[in-house]
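Visitor: Listed below are the residues making up each chain.
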Amino acid sequence: MRSFIRHLSTLGLAAVLSTTLVPAAFAKDSFKVAWSIYVGWMPWDYAAKEGIVKKWADKYGIDIEVVQINDYIESINQYTAGGYDGCVMTNMDALTIPAAGGVDSTALIVGDFSNGNDGIIMKGSSDLATIKGQKVNLVELSVSHYLLARALETVKLQERDLTVVNTSDADMVAAASSADVTSLVTWNPQLSEILGTVKDSHLVFNSSQIPGEIIDMMVVNSDKLAKHPELGKALTGAWYETMSIMSKDDAKGKAAREFMAKASGTDLAGYESQMKTTKFFFDPTEAVSFTTSAALVDTMKMVAGFSFDHGILGEGAKSADAIGMSFSGGKTLGDTANLKLRFDESYMKMAADGKL
Amino acid sequence: MRRLMNLRPNRGSGLLLGILPFVALLIAYLVASDIRMADNPNDKLLPGMSVFADAVQQFAFQEDKRSGDIILWSDTAASLQRLGIGLSLAALGGLVFGILTGVLPYGRATLSPLIAALSMIPPLAILPILFIIFGLGELSKIVLIVIGIAPFVMRDIGMRVGELPAEQLIKVQTLGASTWQTIVRVVLPQMLPRLIDAVRLSLGPAWLFLIAAEAIAATDGLGYRIFLVRRYLAMDIILPYVVWITLLAFVMDLLLRQISRRAFPWYQRA
Chain A
3 MRSFIRHLST
13 LGLAAVLSTT
23 LVPAAFAKDS
33 FKVAWSIYVG
43 WMPWDYAAKE
53 GIVKKWADKY
63 GIDIEVVQIN
73 DYIESINQYT
83 AGGYDGCVMT
93 NMDALTIPAA
103 GGVDSTALIV
113 GDFSNGNDGI
123 IMKGSSDLAT
133 IKGQKVNLVE
143 LSVSHYLLAR
153 ALETVKLQER
163 DLTVVNTSDA
173 DMVAAASSAD
183 VTSLVTWNPQ
193 LSEILGTVKD
203 SHLVFNSSQI
213 PGEIIDMMVV
223 NSDKLAKHPE
233 LGKALTGAWY
243 ETMSIMSKDD
253 AKGKAAREFM
263 AKASGTDLAG
273 YESQMKTTKF
283 FFDPTEAVSF
293 TTSAALVDTM
303 KMVAGFSFDH
313 GILGEGAKSA
323 DAIGMSFSGG
333 KTLGDTANLK
343 LRFDESYMKM
353 AADGKL
Chain B
1064 MRRLMNLRPN
1074 RGSGLLLGIL
1084 PFVALLIAYL
1094 VASDIRMADN
1104 PNDKLLPGMS
1114 VFADAVQQFA
1124 FQEDKRSGDI
1134 ILWSDTAASL
1144 QRLGIGLSLA
1154 ALGGLVFGIL
1164 TGVLPYGRAT
1174 LSPLIAALSM
1184 IPPLAILPIL
1194 FIIFGLGELS
1204 KIVLIVIGIA
1214 PFVMRDIGMR
1224 VGELPAEQLI
1234 KVQTLGASTW
1244 QTIVRVVLPQ
1254 MLPRLIDAVR
1264 LSLGPAWLFL
1274 IAAEAIAATD
1284 GLGYRIFLVR
1294 RYLAMDIILP
1304 YVVWITLLAF
1314 VMDLLLRQIS
1324 RRAFPWYQRA
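Here the protein sequences come in this chain order: A and B.
FYI, my numbering numbers position 245 of the first sequence as 247, with every residue one higher than the one before it.
FYI, my numbering numbers position 254 of the second sequence as 1317, with every residue one higher than the one before it.
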């Protein structure tokens, strides 16, 4: 009896765990991509709700489900665990979460970069150098943390000159109103909310001073993409159709931006002001030239260095080169035997050449 | 009579049966982990035992390169300090207000409705307000624990005082005791072991509030670490931390039970 119960519970638990946590061994031609609310990713919501994704998926004979996840990090974790075939994320998170977790990932679409959407706010001072010795509230190990590190370099300070306080992005606005918070790093919409409501708050540094370093991308699983190039084609096609709609100044473009504004909890004016601080690559040609530029390699080198210094490249990482990255034209960075993050412009190029 | 309900395991097999579900869970984990590791040796979701060993070694026994602290211990010290202060304040407040509402009808009439209403507020819902009033430092974390726990302790102690036999209170009055003497000599000693019970029952919620507070804004602590490394899915750190927290909570419960047993032997019912 006892051993029977033991067998039963072991088998049962193993079955439950393995069916829920182990990726399916056989692939269906149906795919799931995840997105979360952010100015640069709202087009996915529009593309899904307006049937643009479905139109392109049908064209290539596949099914694509676009799922909104309320928590950004949770969406990347789900993707890394194998629950999704693609997910939106920044270049830094793509390196430190899926790539460092051994999931070979491809940056399929480079959608935009933050051009003022992330910033450092100080109360009672408009000089970044006076941040020395202060407590700085930010989401640790996020792009905010990276932005702070880059900003400190410009005033010859180091992270050890101040105290970083990990603060949830959802509570940043409440935190900013508290008297013992004197400086913080965050992104929009919180950034403009705080600047607008907290008196004597000053924007002392923002991401437009490091253009092209905080990049928002659609990342897909490299193995899935190799086996099913139609997934890449359909996603890229849907994205650039959406880009061309939302970038136009006609009624349809305005309606699209209004839809995205509403879905991200703001109004048209709010969304358009966030678009101003976000450099969208509306034209795939621009995205291709950005992705093939040598500057991207330098950026990723800095991001890898920052990630290694903060211990987020994984336990086994011996240096900033532990994870290999590949770029256009056969250029690589880091360990080529461990290529886990690939910047692939070929699908965006197809869009630029009208071959989708 | 030989029925299933009358069959009792002896001491040895009882222990074995108790361990069995843990072993089963462990085996299920190892199997699932193995399947995922075969697929991707760097898998972060269900890391293998050797990965745990490395992470534990690094966090519990080596000094952190940047701060020079041993991270697990500094996190534990920070968390236990917050928890200790929070629980002590909640217990003290609970005892004072519980006795006030339990013994004095005027106290009950004035305070009971307020305490009942306060205990219904979900503490996490008023977090943004706490931040604005108490700032983001240690104070707001401790206040969250106190707000979360104290109303429960107050109501519990109030009710326990109400359960004291009325004869007892009448008797001490016939012997000439004033209100103050009744509280100090009769009610308080009988409430102390019940206070320990109430605190034991509050341990779970107290940990919940502690970790929630640390997740939102902190520079150290067990909850801080878990939510920080969650950013890169480091289950090799998160799972040992969860086990460690469980162990700490278990030991705290055990200690409180032992204190109650040693200090108040008369209270231990069969």
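Hints were generated in silico from the structure; no laboratory data involved.
Possibly wrong hints are sitting among the right ones.
Said to hold, decoys possible - Sample of chain A residues facing chain B (criterion: CB under 8 Å; computed from the structure):
{"#": "1", "residue": "THR98"}
{"#": "2", "residue": "LEU143"}
{"#": "3", "residue": "THR334"}
{"#": "4", "residue": "THR338"}
Claimed, not checked - Straight-line C-alpha distance at most 20 Å; calculated EDC-like pairs for lysine to aspartate or glutamate:
{"#": "5", "chain 1": "A", "residue 1": "LYS229", "chain 2": "B", "residue 2": "ASP1102"}
{"#": "6", "chain 1": "A", "residue 1": "LYS254", "chain 2": "A", "residue 2": "ASP269"}
{"#": "7", "chain 1": "A", "residue 1": "LYS256", "chain 2": "A", "residue 2": "ASP285"}
{"#": "8", "chain 1": "A", "residue 1": "LYS137", "chain 2": "B", "residue 2": "ASP1283"}
{"#": "9", "chain 1": "A", "residue 1": "LYS134", "chain 2": "A", "residue 2": "ASP173"}
{"#": "10", "chain 1": "A", "residue 1": "LYS34", "chain 2": "A", "residue 2": "ASP47"}
{"#": "11", "chain 1": "A", "residue 1": "LYS137", "chain 2": "A", "residue 2": "GLU161"}
{"#": "12", "chain 1": "A", "residue 1": "LYS57", "chain 2": "A", "residue 2": "ASP31"}
{"#": "13", "chain 1": "A", "residue 1": "LYS229", "chain 2": "A", "residue 2": "ASP346"}
{"#": "14", "chain 1": "A", "residue 1": "LYS320", "chain 2": "B", "residue 2": "GLU1126"}
{"#": "15", "chain 1": "A", "residue 1": "LYS357", "chain 2": "A", "residue 2": "ASP285"}
{"#": "16", "chain 1": "A", "residue 1": "LYS57", "chain 2": "A", "residue 2": "ASP47"}
{"#": "17", "chain 1": "A", "residue 1": "LYS351", "chain 2": "A", "residue 2": "GLU161"}
{"#": "18", "chain 1": "A", "residue 1": "LYS357", "chain 2": "A", "residue 2": "ASP346"}
{"#": "19", "chain 1": "A", "residue 1": "LYS57", "chain 2": "A", "residue 2": "GLU288"}
{"#": "20", "chain 1": "A", "residue 1": "LYS250", "chain 2": "A", "residue 2": "ASP202"}
{"#": "21", "chain 1": "A", "residue 1": "LYS226", "chain 2": "B", "residue 2": "ASP1102"}
{"#": "22", "chain 1": "A", "residue 1": "LYS320", "chain 2": "B", "residue 2": "ASP1102"}
{"#": "23", "chain 1": "A", "residue 1": "LYS351", "chain 2": "A", "residue 2": "GLU288"}
{"#": "24", "chain 1": "A", "residue 1": "LYS320", "chain 2": "B", "residue 2": "ASP1117"}
{"#": "25", "chain 1": "A", "residue 1": "LYS137", "chain 2": "B", "residue 2": "GLU1201"}
Note that CB positions come from ideal geometry on N, CA and C, so glycine has one too.
Visitor: Quick one: which hint numbers does this structure break? Sort them smallest to largest.
Guide: Hints 3, 4, 9, 17, 19, 20 and 22 are the ones this structure does not satisfy, whereas the remaining hints hold.
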